[in-house]
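Just so we're on the same page, the working numbering is the position in the sequence shown counted from 1, plus 849.
Quick caveat, the hints were computed from the structure, so don't treat them as lab data. Each residue gets a CB set at the ideal place from its N, CA and C atoms; glycine is no exception. Treat the hints loosely; a few may be bogus.
Said to hold, decoys possible - Pairs of lysine-lysine residues, derived as DSS-like cross-links and limited to a Cα-Cα distance of at most 25 Å, are as follows: (1) Lys909 / Lys854; (2) Lys851 / Lys900; (3) Lys900 / Lys964; (4) Lys909 / Lys964.
Unchecked claim - Each pair of labels, with its calculated beta carbon distance range: (5) Thr983 / Phe932: 39 to 45 Å; (6) Ile906 / Gln877: 14 to 20 Å; (7) Gly986 / Phe890: 42 to 48 Å; (8) Lys909 / Glu937: 29 to 35 Å; (9) Gly887 / Glu943: 38 to 44 Å; (10) Ser930 / Lys854: 16 to 22 Å; (11) Pro878 / Pro933: 34 to 40 Å; (12) Asp868 / Ala921: 19 to 25 Å.
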Amino acid sequence: MKISKDTVVTLAYQVTDADGNMVDEGRQPLIYLHGGYGSIFATIEDALTDKQVGEAIVVKLQPEEAFGEYDASLVEVEPRSLFPDNIEVGMQFERASEDGDDDTLFTITDIAEDKVVVDGNHPLAGMALVFSCTVSGVRAATREETQHGHVHGPGGHHHH
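Whole structure, please, built from the sequences with the hints as guidance.
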């Protein structure tokens, strides 16, 4: 069966940066619903169309095709008093955006005596990524999956 719209695809994958450093070693297979549902980067989805089990692809993603360009305006300096005592550089926390949209994930990048620098960019923003994968499964999506726009069942999304 070939990958086409409304198929559920299982990928064995890994992601490296442009220099070949491992970014995501893909311990768990990636399972997604193919066909423009936004569950995987469009560039990868395009490259996978019509592939079959056993076929492998390597896709190089420019930053704008992956996690976006680095946005310096997302770096903020906050008073140290806003944070708990036990913070460390590298910790991440979510903050709801002003208009109540999705939470932005901030990473603490620096801690001074009375200030904390937080960065709202995705850790992989501004990076070109190389996505390598082998197709390990393709099946027709169920009607429920296409209605909901994501995979159900093992490895998929669960409603609680």
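Could you check the hint for me, namely that Asp868 and Ala921 are 19 to 25 Å apart, CB to CB? holds, 23 Å
25 Å Cα cutoff - pair Lys851, Lys900: Holds, at roughly 5 Å.
State, for the Cβ atoms of Gly887 and Glu943, whether the hinted interval 38 to 44 Å holds or is violated. violated, 20 Å
So the hint says 42 to 48 Å: do the beta-carbon atoms of Gly986 and Phe890 match that? At roughly 19 Å between Cβ atoms, Phe890 and Gly986 fall outside 42 to 48 Å, so the hint is violated.
Could you check the hint for me, namely that Lys909 and Glu937 are 29 to 35 Å apart, CB to CB? holds, 34 Å
Lys900 paired with Lys964 [C-alpha distance capped at 25 Å]: Answer violated: Lys900 to Lys964 is near 51 Å, above 25 Å.
Take the C-alpha atoms of Lys909 and Lys854, compute the straight-line distance between them, and say whether it is at most 25 Å. holds, 22 Å
Taking the CB of Thr983 and the CB of Phe932, does the distance hold inside 39 to 45 Å? Holds, since Thr983 and Phe932 (Cβ atoms, about 43 Å apart) stay within the stated range.
For the pair we were handed, Lys909 and Lys964, check the Cα-Cα distance against 25 Å. The given pair, whose Cα atoms are some 38 Å apart, is violated under the 25 Å limit.
Pro878 and Pro933, beta-carbon distance inside 34 to 40 Å? Given about 37 Å between the Cβ atoms, the range holds.
Looking only at beta-carbon atoms, does the pair Ser930, Lys854 fall within the given range of 16 to 22 Å? Given range 16 to 22 Å: violated, Cβ gap about 52 Å.
Outcome for the supplied range 14 to 20 Å, where the beta carbon pair is Ile906 and Gln877: 19 Å Cβ-Cβ, so the 14 to 20 Å window holds.
Hints 3, 4, 7, 9, 10, counting from the list given before, are not met by this structure.
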